[in-house]
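S.K.: Turn these sequences into a full structure, and let the hints steer you where they fit.
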Amino acid sequence: MKRTISALVQNQPGVLARVAGMFAARNFNIDSLAVGRTEDPNLSRITMVVIGDDATLEQVRKQLGKIIPIVKVYDFTGEDLVQRDLMLIKIAVASEKRPEIQAIIDMFRAKVVDIGPKFVMVEVTGPEQKIEAFIDLCRPYGVKDMVRTGMIAMPRHSKARPDKGLEPDRQGLEPDRE
Amino acid sequence: MGNTADSASLNSKNQSTSFSKKLGAQIFCDVLQEEGVETMFGYPGGVVLPVFDALFDSPINFVLSRHEQGATHMADAYARVTGKVGVVLVTSGPGACNTVTGLATANMDSIPLVVITGQVKTPLIGNDAFQEADTTGITRPITKHNSIVKDVNHLARTLHEAFHIARTGRPGPVVVDLPLDVATSQAQVSNSGSEIDLPGYRVRYEGHIRQIKRAAEAINASEKPLIYAGGGVILANASEQLRQLVQKANVPVTTTLLGLGCFDENDPKSLQMLGMHGTAYANFAVQECDLLVAVGARFDDRITGDVKRFAPHARVVHIDIDPASISKNVKVDIPVVGDAKSILGEMVKYVEPRERKEWFARIDQTKRLYPLTYNNDTDAIKPQYVIEEVCRQTQGKAIVCTGVGQHQMWTAQFYRFSLPRHFISSGGLGTMGFGFPAAIGAQIARPDATVVDFDGDSSFSMTLNELPTAVENGLPVKVCILNNGYMGMVRQWQEMFYGKRYSKSFLKNPDFARVAEAFGAVGLTATKKDEVPKIVEQMLSEKKCCVVDFHVEREENVWPMVATGKGLHEMAGLPTGTSERV
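Residue numbers (our numbering), protein chains in the order written: chain A, 50 to 227; chain B, 553 to 1134.
I should point out that these hints are in silico values taken from the structure, not numbers from a laboratory.
Computed from a predicted model, the values in this text were never measured in an experiment.
One should not assume that every hint holds.
[Said to hold, decoys possible] Using C-beta positions, here's what the derived DEER-type ranges look like:
{"id": "1", "chain 1": "B", "residue 1": "1115", "chain 2": "A", "residue 2": "182", "range": "51 to 61 Å"}
{"id": "2", "chain 1": "B", "residue 1": "1124", "chain 2": "A", "residue 2": "176", "range": "47 to 57 Å"}
{"id": "3", "chain 1": "A", "residue 1": "66", "chain 2": "B", "residue 2": "612", "range": "26 to 36 Å"}
{"id": "4", "chain 1": "B", "residue 1": "1045", "chain 2": "A", "residue 2": "50", "range": "31 to 41 Å"}
Where is the CB? At the ideal position from N, CA and C, for every residue including glycine.
M.R.: This is the structure we're talking about:
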């Protein structure tokens, strides 16, 4: 099962290596990982999509909490989320097939960002299902190249407290306590 | 070794008295003193020479090891014995790499260490410079935290943070990588610069009162409770609180290897150690109890055996300062996150006395049926006998260190521990060679105490290069080599699981007594059983480092044993019959 976890981290060297190293060392499975700046120049946000059951996810969250430069860990499981992945995809398409592709692009509210005699490059954003559906539709034409940013996510309502739904055993990770 | 030219600028001493500016190396010494460091361990080298130069005038006692691994084990044992942070200073590259085993050992056993490693000058980092290694990269997965200081103005703060992180919460080793040019440049000194800034590090010491009450109620309601106490009780200095809880609630106690001494093993409520080589009565109690109260322990695979069949009838209470330990291996019903001392102290108020006649009768029965025992009716020296004899002559009050293997398990079984911080052993990582440098660190921490290292011939061979360290510092460490000429535990497994094919597990040993003599220590050899009491007496009366080579029964095994994959109740080698009798 895929879950989305987000971590606010201190903007310092080696934090990403710590996160990646911990995932590898503890045999956790990462589906995607996106890192970027936040409104606070001292903090970055890492958004991770993790594959695993409840127990695994609980360990992931707790082990992330133990990494010192990680300031807060948010578990978005069960949240009403806005999730976005951005993809650039280069589709092999001869000029006579362009209208066909254009129709698909319009349906997905995607955007042509480059075009050549034998290809179009398209920018698509959206939740994962949308991106996957777009790729599936492009496959018959031939996908020449593809790159994705990895999922980022934000809850619709601001109720996603850090480590939401804390059971007592998660007290130790609860922020803003001391 | 490498570049020393930069240290020339250190010689003008007036810098340290300047109000506005201070040299990195001097900041280092000052922070250590502010942190109350009295003793540190290590080994010099090229890029840390400026720091060593500053230490030349420092009142801090510096113990020079013969290998950086030894230094980390010494600091580790120093920390285990005193409860203070162990401090190590080594050079870059090979020096830093040699601390890896010691760091991993301390990390697995949650021991507070601050290890400062030299690093090449910042402009050279990443250039494959002489004696350069990516120390923070190498040590990241085996430390609680690590960092590299690239600006001398952050040095004081980073060092204070290292001490804070090492000693608080679940303790652990912290590495600070210190490039040469940071040690030799001048910082603007202001008080605000050294305040720690760790927004991502919060430690919760007090347990949630509702959880504490739930745990106490579970104990009160239990017919067959059992406390399973680990190294966390010792780290939290919670032995007294544990004793009070046990006495008031009337609950039996078993401890892990690292928990030995957190509860008096001579107390009738003690079941001694549980697990793979634990006592039969402890393991049966785990499998039969209806409530298991884990305190400062982490359900390691050497404790649980087959985890699916572990404590099958028990609800589980888990008291631990590390939330990540909870429900990691075993599903926990009542977790209490926090410091064992504060939680147990609070819990005592809510537990009620209960007789539990049947439960204790059952425990007495298993104690009678399956005592820890061995056949001493032989001419050869039994390793267990040596341990019992040393225990008798030291009244069970010595600080006991061990290497890793059979001798370690026999020590855990046959030395009766009654005091916390008196059993020093590598539990989680199982580091052979830990015992002797650990004994040195322990003796430095407690010059007055009798420190005994029960060691294997193979374990001792790994770190006997620290003999001159013991001699040079006049440390009366007693080393009892239980010499069977094998890697005993490896041989036992090969006997049991590999058809006695003793592949590469025996070794041609030197005459350890003569080795000891060559290093300036006292060397003794015991080959006959009847000379053991006398030679132990002589060993204990020696005023300098004394190595006794006990030639013990060669193919003695450690019993009982829960083989990998077996349930805790499925022990091999029980004294009478098998577990079917129960």
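S.K.: If a hint holds in the structure, say so; if it doesn't, say that too.
M.R.: Hint-by-hint comparison with the structure:
| no. | hint | verdict |
| --- | --- | --- |
| 1 | B:1115 to A:182: 51 to 61 Å | holds, 52 Å |
| 2 | B:1124 to A:176: 47 to 57 Å | holds, 56 Å |
| 3 | A:66 to B:612: 26 to 36 Å | holds, 33 Å |
| 4 | B:1045 to A:50: 31 to 41 Å | holds, 39 Å |
In summary, the structure agrees with every hint in the numbered list given earlier.
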